[in-house]
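Please model the complete structure; the sequences and the hints are all you need to start from.
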Amino acid sequence: MTDLPPPSARKLGLVIDLDTCVGCHACAVACKEWNSGGISGPLTDENPYGKDPIGVWFNRVHSYEVEALDDQPAMTLHFPRSCLHCETPACVSVCPTGASYKRAEDGIVLVDEDKCIGCKLCSWACPYGAREYSEVEGVMKKCTLCVDRIYNENIPEQSRQPACVQACPTRARHFGDLGDPDSAVSLLVAARGGVDLMPELGYAPVNQYLPPRPRRAGSSLPASAPKEILDEQQLPPLLRWLDRALSR
Amino acid sequence: MHPAFSVIFFTTASGAGYGLWIWLGLLAAGNALPARAPSLFALGLGFVCVTAGLLSSTLHLGQPQRAWRAFSQWRSSWLSREGVVALLCFVPMVWLGAALWFGYHARLAGLALALLSLLTVACTAMIYASLKPVPAWRHPLVVPVYLLFALFTGGLLLAAILSLAGLAPGNMTGFAAMIVAVLLWRLKRYAWRSIDQGELPVSRASALGLPAGRSIKVFERPHTEGNYLTREMGFVLARKHARKLRVIAVLLFALVPALCALPVWLFVHLDAAPWFLAAALSALAGTFVERWLFFAEAKHLVTLYY
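Quick note, the sequences are listed as chains A and B, same order. Read left to right, the first sequence gives residues 1 to 248 (our numbering). Read left to right, the second sequence gives residues 249 to 554 (our numbering).
Hints should not be assumed to be uniformly reliable.
Stated by the list, open to error - Distance condition first, Cα-Cα at most 30 Å in a straight line; then the derived BS3-like pairs of lysine-lysine: (1) A:K227 - B:K465; (2) A:K32 - A:K51; (3) B:K547 - B:K492; (4) B:K547 - A:K51; (5) A:K32 - B:K547; (6) B:K465 - A:K32; (7) B:K547 - B:K488; (8) B:K465 - B:K488; (9) B:K547 - B:K465; (10) A:K51 - B:K465; (11) B:K465 - B:K380; (12) A:K115 - B:K380; (13) B:K488 - A:K51; (14) B:K380 - B:K492; (15) B:K547 - A:K115.
Hints are computed from structural coordinates only; laboratory data are not their basis. Only a predicted model underlies this, so the values are computations on that prediction, with no experimental measurement involved.
This is how it looks when you write it as C-alpha cells:
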C-alpha cells in the first residue's frame, strides 16, 4: 500500500554541507557509476555520444551565484540535489500501483520497478525533482540511498555507505540515522543549524542541508574595492624621485 | 508542465462522455428519459467518449500492460480512485442500457450512473488539485471548473442528439447553455488572473535552504543538455503564447456556444439541432485548448532550481 507507514524510529538520510561542497560532481558521477549496476540499474542514457544526450541521474549538482549582503561577500554556492527521503513523501501517496513505497524500518523511499506503470505522477508530486523517468525502461527511477551498499555484508564495513558519500573529496556529505538524536549526523545538524528544503510544503525531508557558514571577514569588508593611494613618504629616495619625475 | 496529448484528449473526451452520462442518469432517475433510440444513442456516445479517453490515457504510460495495478491504491492515490470509479461507472451504464433496451425503468441505475460519473470527473480534477508542487493546480476553482466543463460539453452533446431525433429539449435549454457558457468564461477568467498575479509560494532561497532575502542567480546548470525534469516540468511554449491561446479557448468554449444557443432561446420554433451540434463541437474544441493551457501554463516548483 502507498499509505505511509507509521514514522520509523530509524530515519536514514544524508547531511549535505553547502559550506564545504566545491561542486566537483564526484558524488553525481559515483552515484551514476554504482547505481548503473545496482538494484535500480541500468540508469539509461539515450543518445550518450550524440548531439543531445539525455539520461537518468539521481544526483545533480547545481551552482548558483549568491549576491553580497551588507555584511557578507558575494559567493558561489554549489548545491547537490537528490532525493530527501521525506517523512511524508507525496510521491509515495500519489502512486496508484503501490510501486513507490517508504520502508517502515529505516524510512528509505524506493520504487519497485516491476510494479511501476510509468505514469510519472510521482515525479509531478515531488517539488525537489528527485525522480527521473527512464524512457527506455518505461519506469520511474530514484535515489535508493544505496540500499544495496549500506546493508551489503559482502563489502568491507567502511564501504557500507552511499556511493556519493564515499566519493566526496571534501567530506561535504554525511550519512547516518537522523532519527537518533545522538548520532553523529544529528549532532552535526544541531551544531551547524541544518535546515529542511522548502519546509513550507510540509513534506518533512529527512536529508538536511548545512547552510554556508557566515564569512569570517564579516562586516569589516569594504563595500567596494579599495582605492589605490600612493604614500610618497614611504618610498625609498630613488623611487620617490622617479615618482616625482614621472608625475610631471 | 509538458502537455501530453493523450492526457489532454482523455480529460476532454471522457469529461464530455461522463457529462453525457450524468445528464442521462439524472433524466433516468427522474423517470424523464425522452425516447428509447436517442437515449440509447446518447448512452453509447458517452461510452465511446469515455472509453476512447480512458484508452488514450493509458498511452502515456511507460508500461501500459501493468495498468491493472492502478486499481489497488485507492486509499491514498487520487489516480487510483479515478481508475476504480471510472471502472465502476460501467456497471450502471450496462444496467441502464439493458433497461432501455428491454423497456423497463431503471431509476436507481440512472442515479448511480450520474453519481459515479460525477465522482470520476471530480477524482480526475483532484489528481491535479492535490499536487502541492504545481501551485496553479491548487486553485480552489480547479475541481468546480472540471465538473462544469464536463456538464457543459456533455449537456450540449445530449441536447444536440435529442434535437437531431426531433425531440427539441425546449428553448430554455438554449438559455441555460448561454448562462453556463458565461459562467465558465467568468470562472476561467478569474482563475487565469489569479495565476498571473500569484507568485510561486516558495522562493529559491527556501528551495536551497538559504535564509530568505538573499538574491540568488543560476551560475551553472548541473548538465549542459536537457534532462527529464527540464523536458517534463519546464515547458515554456504556452506561457509565451498564453494571451492568444486564452482568447482562442474562450471564443471556442464560451462565445461560439453562447451565440449558437441564443437563437435557440429566442426562436421557439427553430430547428435547434444544427445550433446545438455546432455549440457542442465548438465547446469540445475550446475545452481541448483550455486543457492544453491548463497543463502547459502550470509551473512546477522544481523550476526554482533551474
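Exercise for the section: Decide if the proposed pair is consistent with the structure: K547 (chain B) and K51 (chain A), CA atoms, cutoff 30 Å inclusive. Expected result: The hint holds at about 28 Å.
Problem - Proposed proximity, K380 (chain B) with K115 (chain A) (alpha carbon, max 30 Å) - result: OK: K115 (chain A) and K380 (chain B) at ~25 Å, within 30 Å.
Handout entry: Satisfaction of hint between K465 (chain B) and K227 (chain A), Cα-Cα up to 30 Å
Key = Status holds; Cα separation ~29 Å.
Problem - Distance restraint between K488 (chain B) and K51 (chain A), which requires alpha-carbon spacing of 30 Å or less - result: holds, 26 Å
Exercise for the section: Would you mind confirming whether the straight-line C-alpha gap from K547 (chain B) to K465 (chain B) stays at or under 30 Å? Expected result: holds, 19 Å
Exercise for the section: Measure nothing beyond the straight line between the CA atoms of K51 (chain A) and K465 (chain B); if it is 30 Å or shorter, mark the hint as holding. Expected result: Answer holds: K51 (chain A) to K465 (chain B) is near 28 Å, not above 30 Å.
Practice task
Take the C-alpha atoms of K465 (chain B) and K488 (chain B), compute the straight-line distance between them, and say whether it is at most 30 Å.
Solution key: holds, 22 Å
Exercise for the section: Measure nothing beyond the straight line between the CA atoms of K465 (chain B) and K380 (chain B); if it is 30 Å or shorter, mark the hint as holding. Expected result: holds, 24 Å
Practice task
Verify the proposed pairing of K380 (chain B) with K492 (chain B), using a straight-line Cα cut of 30 Å.
Solution key: holds, 28 Å
Problem - Agreement of K32 (chain A) and K547 (chain B) with the hint, judged by alpha carbon distance not exceeding 30 Å - result: Holds. K32 (chain A) to K547 (chain B) sits at ~28 Å (cutoff 30 Å).
Exercise for the section: Could you grab the alpha-carbon distance between K547 (chain B) and K488 (chain B) and see if it respects the 30 Å cut-off? Expected result: OK: K547 (chain B) and K488 (chain B) at ~13 Å, within 30 Å.
Exercise for the section: For the pair we were handed, K547 (chain B) and K492 (chain B), check the Cα-Cα distance against 30 Å. Expected result: holds, 19 Å
Violated hints for the displayed structure: none, as all numbered hints are satisfied.
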